[in-house]
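Put the two chains together into one complex; each comes in its own frame, and the hints tell you how they fit.
As they're listed, the protein sequences go chains A and B.
Each residue of the first sequence is one higher than the last, beginning at 1 in the numbering used here.
Each residue of the second sequence is one higher than the last, beginning at 1001 in the numbering used here.
Hints were generated in silico from the structure; no laboratory data involved.
Values in this document were obtained by computation on a predicted structure and should not be read as measured data.
C-beta: ideal position from N, C-alpha, C; glycine also.
Check the hints yourself; a few may be wrong.
To be verified - Derived Cβ-Cβ restraints for the label pairs, each shown as a range:
#1 B/1234 x A/39: 43 to 53 Å
#2 B/1040 x A/197: 44 to 54 Å
#3 A/53 x B/1240: 35 to 45 Å
#4 B/1091 x A/175: 20 to 30 Å
#5 B/1329 x A/263: 36 to 46 Å
#6 A/87 x B/1240: 16 to 26 Å
#7 B/1174 x A/18: 50 to 60 Å
#8 B/1281 x A/324: 35 to 45 Å
#9 A/65 x B/1361: 34 to 44 Å
To be verified - In the DSSO-like style, the derived pairs of lysine-lysine whose C-alpha atoms are separated by at most 27 Å in a straight line are:
#10 A/40 x A/99
#11 B/1174 x A/40
#12 B/1174 x B/1154
#13 B/1243 x A/272
#14 A/105 x A/331
#15 A/99 x A/251
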Amino acid sequence: MGGLHPALQGLVTIIIGVGGCIGYFYFANQFLDRVLYPAKGPDAGRNINRANMIRPWLFLFPAIFALGLYLAYPVVATLRLSLIDNDTGAFVGLEHYAKLTGEAKFWEAIRNNLLWLIVVPALSTAFGLLAAQLTDRIAWGNLAKSLIFMPMAISFVGAGVIWKLVYEARPDGFEQIGVLNAIWTAMGGEPQNWLTIPLWNNFFLMIVLVWIQTGFAMVILSAALRGIPEETVEAAIVDGANPFQIFFKIKVPQIMSTIVVVWTTITLVVLKVFDIVFTMTNGQWETQVLANYMYDKLFRSFDTGMGSAAAMVIMLLVTPILVWNVYTARKEMR
Amino acid sequence: MDNIAGRKPALTWVVHISVAALVLLWLFPTVGLLVSSFRTSDQISSSGWWNALFPAEQNLVIRTAAPDSQLAEGDLWVVEGNLFALDGREPLTVDAWGISSRDLGAYQPGETAEFRDGSAITVAENGDYRVESREEMSGSRGQRVFLNAMVPPKFTLENYDNVLFTEGSGGGMKKAFFNTLTVVIPATVIPILIAAFAAYALAWMDFPGRALLIAAVVALLVVPLQLALIPLLTLHNQIGIGKGYLGVWLAHTGFGLPLAIYLLRNYMVGLPRDIIECAKVDGATDFQIFTRIILPLSFPALASFAIFQFLWTWNDLLVAMVFLIDSTGQTTVMTRQIVEMLGTRGGNWEVLATAAFVSISVPLLVFFSMQRFLVRGLLAGSVK
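The following block holds chain B by itself, in its conformation from the complex (with noise of 0.2 Å):
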């Protein structure tokens, strides 16, 4: 089978680095939204998020002490101390300065500016400074000073703060979350057992029709959901259900039970006929058969499908808009109010990363968590 990569330590390598270049590519996106929800606003719109992870060129304003903390020393006033401890920020370390907006970085730390009223300032490199001023200094702040300053990388865990925890401004994503949590559970649960059971009946069972039935589940995995949205927005207004968690709960288990029945009867086809033939010959209703046999024996398919589904109803956005959210939004779930942060705060990247990846973070876990299952579901569902 040694193709390709051949026995040629060249190829070899090259089949490395295009591995390596293809993972990176299709990488990159989710790790610059995740980096971006750990970086302040002004971080995310004054570099881009690649260099987050090196120390950045940053301009800083900051004034000098006001004149009223001058010392006469000799025939001189002078104003003393440090830019940084100031405003109480973190020491950095000045690249360069200025006193002009026009001139940012001008003067090198150490070097002496002269300002118009005659005063002249001197600025080291630990952000130390000393005005000087033949005659007294008035007014009541201090002097501008301009500074280049390298600023190391830092990371803020602020943004989940806010977005989960900060009530309205982050948008209410705790909420979301839950409503999320709310649709999904008994939208993964709920078809997984009238699948089983039709699903057993379509592989065990002999019955007239039943050909019929499962090329009728096989034309209605590809319905699109498309032109159920009407009808039965319809049908739910109709029969007092309306908008609402038990609305959402049944669409998500009509669409999904295509997929489920077709995947378990695939799956419990295969299973051993010796088994199920010898409890039949022991006198096994077809009742036990399948609580006690089949069941326990399609786990896996079972987990499959369960992963599907989780992952599809957490995911879903024109399910929940159509059959969930009422004009009150009280019953929204993450993915729309994603769409919705879109609209309103779509420059806010640090809130919009951060929502994105509170709603991410749950699929992600469970495909790590669970790809096993996921990947046998996939080649049952298609590859025969």
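For reference, chain A alone in the conformation it holds in the complex (with noise of 0.2 Å):
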């Protein structure tokens, strides 16, 4: 495929994929029922059965092998790097993560993974359950909400540039270009280089990612709040429930289940946040979280014990959440 043109393998890749897919399920249906189990002559009742019950393999197996290859074995082959010598390939035991915990940048992106894990879900869904609760009163409500939910379709990268023109800081002087400094200047303060200040930036790249997950939770929190059963809110109403009572004491307690749903998906785009750091600072200036260390020491340092390290604080994090959502799913299917 060396000498084609991208597009065209491409569409070389295309056609083959879809092509060979259409073929597996199509021939291997094919032979399952008429070579291998054939519906006829003296065994064709237990044939039957047989067939029937490969069929829903020969279905799974391409996913299952993708699933597989490129989820499931990762896990174990990282933790497996995250103990072994990067040369030698002898087993370390927890060296790597030793190392870790004896850096202080580690300790700067766990310290900034806790900030962002505790300020980007809470805002998010405040902004989203608000947006979600005032654009359902009016008339023009959708629109409102289609604009709202529209960085949701923007790159970490985009959003990135966009707001660092909202940040940008030209000298004293000078007439400020970005609108965070143009307020500022305004209002009498000397121009700041917002990114630059410890602490206070972390908040500054926090808002981008609260910028685009607002719109998802209010789209989701939208539609809870319209599963509500009007009874209540009228009986409610009947007692004499102002529209504050009626919004924390009546709706959202009943939606309180989408509202964790929720706060946990969008800490999991948190855990996993890397682009809007890599782009706007890269972890300098104290705002480094660990996907984006994790990067650093696999791509920068070539560290692949340390990189695989970070990589399994990552995965330990996520693993309550992982937990839960397996535990919640089971409950449902029963």
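Below, the structure is given as structure tokens:
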């Protein structure tokens, strides 16, 4: 495939990929019914049963193979890499983890990740809930929703550029072209390089993700709010509850489970946040986060052991959500 | 259901105004980038983009015509003309002017200023000027005049022309655009088919271990792809794929599958049981039921996933950096190209804004035209 133009290569891959998939499913199915266990002759009944036992696995095989190779195997392989020496491959136990916990940058990443974990899901959910409740009440609500939802389609990199312009700083005395500094200097402040002020800069990065995720929270929560039985709200009105009591005491408790789902989904996004930090500060000025720290270790210092150990830390943080999701999914299936 | 907005008109207005404020707040940053992409670099650095819609005061430095065009008028030597006409500029209105860089707006239009050599200049509001001197003027260049003029808002498509069609200077966005497209299409199409068959098996076929497999899909849904980077890159290198399109297609397929299977299964489970059982009674095989009944009925779910996967692969940076882009940079994608520009041309907002908008425009188009499916997919994915 080397000589072909990439676009052509892409086309060929689509044809091979799609054709291959269809071909696989069709012919494997035919093989099962015609050759392996034909539904005729003395064993017809038994053969049909046998074929029906195998068929699900036939349908599932490509998916299981891809999932196993691209998601399940790497978990094990990364765990292994985090426990062996980079060069010799000898088992070194928790040495990489020990080195990890000895690095100030690692603890900075952990601290920042915790900040992100508290701030971003909380603000996104709160803004989303507010936007959902307000837009449901007005005629042009759908348009408003659509505009608040829009950042969802924008890449983290694109969002990084958009917000860098907002935070742009010019030296004192020059016309400020970043909105934040324009407002700040208009109020009498000195122009600030917002992204280089330790601790605060984390919040300026978080705003970008809040801006993106609020739309998601709003869409889900708005559907949940509409699903609330009207009688409960009417009963509260009859009892003389004011709008705020209705919202916080009647509505919010009824959509609590959805709020939890939204919260955990955004938490997952936060744990993997990479692009925003990579684009806007690259972890400088004390804005490091785990995913970017891991990338640094793997592809800048080429330290697979440390990088894999950092990846396992992310995995560890994700695990409670993983267990919870599996638990709820199984409960619902019963 | 009348509560927060209530029946009180005052409260209704509060709701309208808060929503409007929220929407403006959310739009403002994006609009800033969009407006900046239509401004020249001078405009961007001389005023905030929110001023772009209004006339802006600009400082210009223009030289009068050289002394060799002077004419004798009685006992005076005179140079006359229009300042804006000299450079072929468009005509502006002079607010104030000066002859020294230390005092830019010292004179009003119509006033007369004296140079050190004894000559005097008068500048009118429309830019007409007249330099008079008692002695013959010398030198090869005219006098410098500093003007404060109101410049009307002006927008340009030049940035887009540069970024998309000029080789090199724009930073190769055209190539990156096509590279991105090459990554995205197969990476969106291939997982759909694989997932659809698997989802059907998990939704409508009975076999031991089904519940366990569904649980596994739910679990894999949240596995961070960060874990996959090194083991898979090593694997790709070992089996000879290396870094390239094939690798990135496979990676995106693998990473997209859990969501695809999960979404499609949830949707297929909800399809009416009667249809499927009727078909079975009529002697349809599983394969026929799948291709003739389930697949067409699942179109909304397929569309939802396709949009998700499209947005995700188009906007992706990490997977492309790890599995696709090699040291030659021939296969760079738009997100990577923009990050590179931030590093090398961090101050060139006209180029950055335009490049970013080129990369954002396609997802925005998809978003606004197919929002229905996106919302439905999100709801199926997280609310049960």
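To see whether the hints hold, each was checked on the structure:
1. B/1234 x A/39: 43 to 53 Å: 46 Å, holds
2. B/1040 x A/197: 44 to 54 Å: 31 Å, violated
3. A/53 x B/1240: 35 to 45 Å: 37 Å Cβ-Cβ, so the 35 to 45 Å window holds.
4. B/1091 x A/175: 20 to 30 Å: The hinted range 20 to 30 Å holds for residue 1091 of chain B and residue 175 of chain A, with Cβ atoms some 25 Å apart.
5. B/1329 x A/263: 36 to 46 Å: 40 Å, holds
6. A/87 x B/1240: 16 to 26 Å: 24 Å, holds
7. B/1174 x A/18: 50 to 60 Å: At roughly 28 Å between Cβ atoms, residue 18 of chain A and residue 1174 of chain B fall outside 50 to 60 Å, so the hint is violated.
8. B/1281 x A/324: 35 to 45 Å: With a Cβ separation near 41 Å, residue 1281 of chain B and residue 324 of chain A satisfy 35 to 45 Å, so the hint holds.
9. A/65 x B/1361: 34 to 44 Å: 37 Å, holds
10. A/40 x A/99: Violated, because 67 Å separates the two Cα atoms, which is more than 27 Å.
11. B/1174 x A/40: 60 Å, violated
12. B/1174 x B/1154: Given pair residue 1174 of chain B, residue 1154 of chain B holds - Cα atoms ~26 Å apart, limit 27 Å.
13. B/1243 x A/272: 23 Å, holds
14. A/105 x A/331: 41 Å, violated
15. A/99 x A/251: Violated - the C-alpha atoms of residue 251 of chain A and residue 99 of chain A are around 49 Å apart, more than 27 Å.
Figure legend: structure checked against the earlier numbered hints; hints not met, in rising order: 2, 7, 10, 11, 14, 15.
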